[in-house]
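One letter stands for each residue in the lines below.
There are 2 protein chains.
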Amino acid sequence: MSVDTRQAPAELTDEELQALDAHWRAANYLSVGQIYLMANPLLTEPLRPEHIKPRLLGHWGTSPGLNLVHTHLNRVIKARGIDALCVWGPGHGGPAVLANSWIEGSYTETYPDITRDAAGMARLFRQFSFPGGVPSHVAPETPGSIHEGGELGYSLSHAYGAALDNPGLLVACVVGDGEAETGPLAASWHANKFLDPVHDGAVLPILHLNGYKIANPTVLARLPETELDELLKGYGHDPVHVTGDDPAAVHRAMARAMDTTLDKIAAVQRAAREDGATERPRWPVIVLRTPKGWTGPKEVDGLPVEGTWRAHQVPLAGVRDNPEHLRELEAWLRSYRPRELFDEQGSPRPQVLACVPAGPRRLGATPHANGGLLLRELPLPALERYAVPVDKPGMTLHEPTRVLGELLEHVVRETAQRRDFRLVGPDETASNRLDAVYAASGKAWQAATLEVDEDLDRHGRVMEILSEHTCQGWLEGYLLTGRHGLFSCYEAFAHIVDSMVNQHIKWLRVTRRLPWRAPIASLNYLLTSHVWRQDHNGFSHQDPGFVDHILNKSPEVVRVYLPPDANTLLSVADHALRSRDYVNVIVAGKQPCFDWLSMDQARVHCTRGAGIWDWAGTEDDTREPDVVLGCAGDVPTQEVLAAAQLMRRHLPQLSVRVVNVVDIARLLPSEEHPHGMTDFEYDGLFTQDKPVVFAYHGYPWLIHRLAYRRTGHGNMHVRGYKEIGTTTTPFDMVVRNDLDRYRLVMDVIDRVPGLAVRAAVVRQRMEDARLRHHEWVRAHGTDLPEVADWSWEG
Amino acid sequence: MSVDTRQAPAELTDEELQALDAHWRAANYLSVGQIYLMANPLLTEPLRPEHIKPRLLGHWGTSPGLNLVHTHLNRVIKARGIDALCVWGPGHGGPAVLANSWIEGSYTETYPDITRDAAGMARLFRQFSFPGGVPSHVAPETPGSIHEGGELGYSLSHAYGAALDNPGLLVACVVGDGEAETGPLAASWHANKFLDPVHDGAVLPILHLNGYKIANPTVLARLPETELDELLKGYGHDPVHVTGDDPAAVHRAMARAMDTTLDKIAAVQRAAREDGATERPRWPVIVLRTPKGWTGPKEVDGLPVEGTWRAHQVPLAGVRDNPEHLRELEAWLRSYRPRELFDEQGSPRPQVLACVPAGPRRLGATPHANGGLLLRELPLPALERYAVPVDKPGMTLHEPTRVLGELLEHVVRETAQRRDFRLVGPDETASNRLDAVYAASGKAWQAATLEVDEDLDRHGRVMEILSEHTCQGWLEGYLLTGRHGLFSCYEAFAHIVDSMVNQHIKWLRVTRRLPWRAPIASLNYLLTSHVWRQDHNGFSHQDPGFVDHILNKSPEVVRVYLPPDANTLLSVADHALRSRDYVNVIVAGKQPCFDWLSMDQARVHCTRGAGIWDWAGTEDDTREPDVVLGCAGDVPTQEVLAAAQLMRRHLPQLSVRVVNVVDIARLLPSEEHPHGMTDFEYDGLFTQDKPVVFAYHGYPWLIHRLAYRRTGHGNMHVRGYKEIGTTTTPFDMVVRNDLDRYRLVMDVIDRVPGLAVRAAVVRQRMEDARLRHHEWVRAHGTDLPEVADWSWEG
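Residue numbers (numbering that gives the first Met the number 0), protein chains in the order written: chain A, 0 to 793; chain B, 0 to 793.
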């Protein structure tokens, strides 16, 4: 259906219309004021150059549209008494959301010095995009926000994440027509196939077609309306159009569209919740088509501005130096008739506030946008219940992620009523061997099902779509609104969300400095199906660099763990699920892996983050070892232990220490990362002057980048993945990358001074073993029996 | 329109149908053979366990569908005499594409030892996913391929990139219904709004709905057909359906669909090229709905396999140990009736080859998939023509990217007839100040235009869509088919394509080892609107880590340049545009920047990659300097020069050397990167024992990671971006991150031993200047006049 302004019936009373328009004008006035003014906020005197900021920074173009949406959301929230949250996709329209928060009072409640009067308005204006002030975008500093919007692409998946398991919540989501061109946004339209109308809230996308991006028309705005409707219907939505540039007509159409869509949403939810309807609903979408920079200057210096890309940032750029521009700015500001909107003290007049809801219903005050307030502790079990028994190291094999799956099944089961835990993954939960969770909850799915399907569940809390972006967006939205979760992903393809996680880390970094933002649950990644075991897929699926990416980011936020076996994985996962305001990256294998530590030992080892495995080495307590073998990651740990065993047999006189590192940031100096070791601690593990041969899961230079300040760094030799990937056997992968046990022994022999001649014989033997491997693997397609059947001889 | 198998008229003759089916069966047989067999390829004896590979690795599920598409593409290529390329989105279906290449003979031409007979078939089978053999995916090693497909998401943008400026080419593109869920794929449907029916070729997407991903149904396969049609029409396509599981019926429907769509494409192109039609065409799309693992085992161990996710990889897993499985495999293989397909020698029989086109028309032999064969040198101008005049350093300011824009305009203009150069960017060409190019070519745009629009051009070669993924995919497809281009991007948002560029780098790494692959033009990034100048956007737009990401990858492929001014940018860009088989990352600012070097000096400096700027330092030639100031990047270079000037004034007795680094990989040891310096060269620049204060554009630890092996590394102190981002003034950004001139002088004073007491006074003065800055910027919102008006006093 189409609510075109040309034919929309006037359902608002004139008084309501006037009040809505007053609210909208006030928000527009305040938006322009923030971009331009540093004094004279109420225009109590004629505008002079010294009232203007010296640097004009911000985005006007999208602001009037966001203000319109906010005004009309206010109306329906108040009229219907609903809880709502809004995700502002065009987050660069910061002035709009700040303006609305100030009008409704939530801004002053959050920042008491920005009072709701002329003095506060002056500070609101001045601080915007000003050194020491607030960012130009909707940001963590903005009350009511869970979404920055600077990067574009993630608004809709954030909105869906917020709506999950919030049955009483309406999540409106403004999608800009620029953002709509991005891949992540395009994928996330289909999130409606995963939204449970019974247990989840509703998402109301508002596709805002203002026609232009920075410098180009937008694709969707230039589709014929029938074609756009086909697209939106193809996405599973029912479009309602609001089109126009006459404010009164648009207000009427927008009010009607809001009512139509909310009625539709209510009907859908009623059908599912009360009548047991199970057919996938067609959710409504509003298509709002208004001019970019609406109500701003029509022309500047003879060129059209309103309704064009030229309105994107600051339409009048020469205000301080060009008297004509200054006059135009004053006329523009006065066109909103500020005296009608603000009283003598500068506070919003009652008419402006007529549509504003009360208390936590205000969009700037909803606790859902400050999710830590709603967060509950996860019901985590005693780890002993899921731990694998380990009497002696290396006697048994388990698939670590499968063991973790049992723990996660517990968490999913225990949260069945609370519904505040979700597992997300791009069609890989089973492939990553976490499928035990299906016993507690199936996979969310509202589309058609067939008899042959397994574990699909209309009310499921395991989320699987083949889009890492959508998975990440869902989880971010879910966490930001005060719930818990875990993202399991093929290691290599975590890079797909590199840029998304950047923004989440930035968000957390800023929120940690905002006392009013309550801590939220950490974003937890389980990276598995890792670089060393891509037997089916090879090079395209091999990349261990997500860890490097993460470790470039704010140390107060990022944590990286490489548990070497099943019980250490349990311990690390338990810690991650209990933590707050972090991004935890856990790298762990899904293939059978030796169990090295008992649960008790694992807990102690993971708490330390790095430690000597004295059972694996040959040093005595009286002197420093001759060599230290470091390892981090499951496959490197196995190769280091095998190397230690070879040395024990062939070089029994050599004193070898084995150090395993779980928490890789431990290698950093303590002043660089909260988990960093002091030099004293570090030297105690790695010595100051002995050779260190370190076998690392990923790119070897990461270890150097972490440890370069240590006294003994010059003696450190690191092996790791060096981009030699292919489909081959597991052991051939480590041989090709020089991470294998034989090479490690050779590395030791090459580095320990004063070894007897016998060492040269051993070295030759190691080289022979590598040659034997080469011949065997090419002949048989399998690993050498001595490797395939290897186990630790404790 | 719908070509449903239930009502499709039999337009193929029975003989044609038989031949097509024979080809398809042969390809299916060879696909299964590759997954399972290491001997007995023609089943000349009963299958025994020792004929079976010990590790069964590969993907059967998608293979029969790919084989069907290949068979029918063969038919129309031959029948119509067209040039075609196919992008196989489900690239994990490697066995299918290898099988077809072997049948048509292109495989043997590329790899003569894999002969088209029984011996060659045995080798074809054995090498597949076998150590030392070929990858399980469609890969660089696969004749006819430009697309790996392992990661999923990029097939359609690659296809469009290949079609651009190839008016005679048909690019078929198989899009799996799994891949269709990804963001990059979802975005790239709209690439049809940028395809010029006059100068570009056609893209024929074939959406293959086999219903399942690894373990889940797919979203698109579970939409009602009407809804799917709405979606595809909303994408601007005309869907043609082929649905079924009866081979004969599907062959008939597929043949008719191919003819229908190719007729439609021909009509569209004729209308645009001959009749001057300018309306955006609706291009056809084929929706092919066939069972996953079609013709494979219906059930295994009592569970349904064909038509389900269980057919994704290897349907019969226990073949070597389970006689029942072995028998089922043999029955499956024999169901294709190999004796009808291959003669006594194991060569394909004439009926199998009936549909196969000849010579370079074969999909495995098209030169478009080996683009280096078609590549021509770019017409690059003498750089002097675009260089800015520099008599003395630091006397003038230019916006480097604007200067580069003039050079690019030249290239775009000079390739107007050849049409083998494209500029891509996410709506940022003008923002990045490259808009001079519009004088030579507008922006590609086939959608509606309005009078107010500027520089849109139905035949334009500047490509702008707000999707970094689509931009990257276009450019990759364009380069891989033998053309040139440049991607300009906001620095922070290059991370959006981290994972895509990984795959391109992997592709290049492998192709460099394949003698039959001719070198292609490098993938060139211009990263601008960088971390230090995000005045309008702040933290969300600040991230210099793409360089770190790139430098983790194969050194033989990756190159990173940080030109400090306009002329060095010209030199570096010229080099990048002439280079082959690299990924070049150029980081350069768009804001006014001092001109330091004349064109001659710039050329010499960039060729060296790093060098002493003796005019900037105060050392004499008789001894080593007291301190080295290193810099890389435009903003750090300016701060280092300002610091050098401060020291010249305040610490005149200090001997200071300034070293600028353009080619950041120069810092690596020569054995780690082809551009790396020997220790002798490095020590000559940085000394072995003097303090080095290095100001770097990005994350400071990158410099340590590159230089940690150098003798003098312990004396190196690096300043850079440490995640302190916001909207503020340019100088406040460097102060907040301790990269400013005053801090650099303090760093020097703190590190040079034996400075006179006077240095303490200077240090205090620097601290005072920082405090003065803090107060000024918060009061005025601008930078200190002494900084804003600074220039070099040569």
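Heads up, some of the hints might be wrong.
Stretch by stretch, here's where chain A covers chain B in the computed footprint (C-beta under 8 angstroms, at least three residues) [unchecked claim]: (1) 457 to 469; (2) 500 to 514.
Residues from chain A that face chain B, not an exhaustive set, calculated with beta carbons under 7 angstroms [as the list claims (entries may be wrong)]: (3) 180; (4) 182; (5) 280; (6) 281; (7) 447.
Think of the hints as simulated: they come from the structure by calculation, not from any bench.
Glycine is no exception: its CB is placed at the ideal position from the N, C-alpha and C atoms.
Find the hints from earlier in the document that the structure breaks and name them by number, from lowest to highest.
As far as the earlier hints go, 5 and 6 are violated by this structure, in ascending order.
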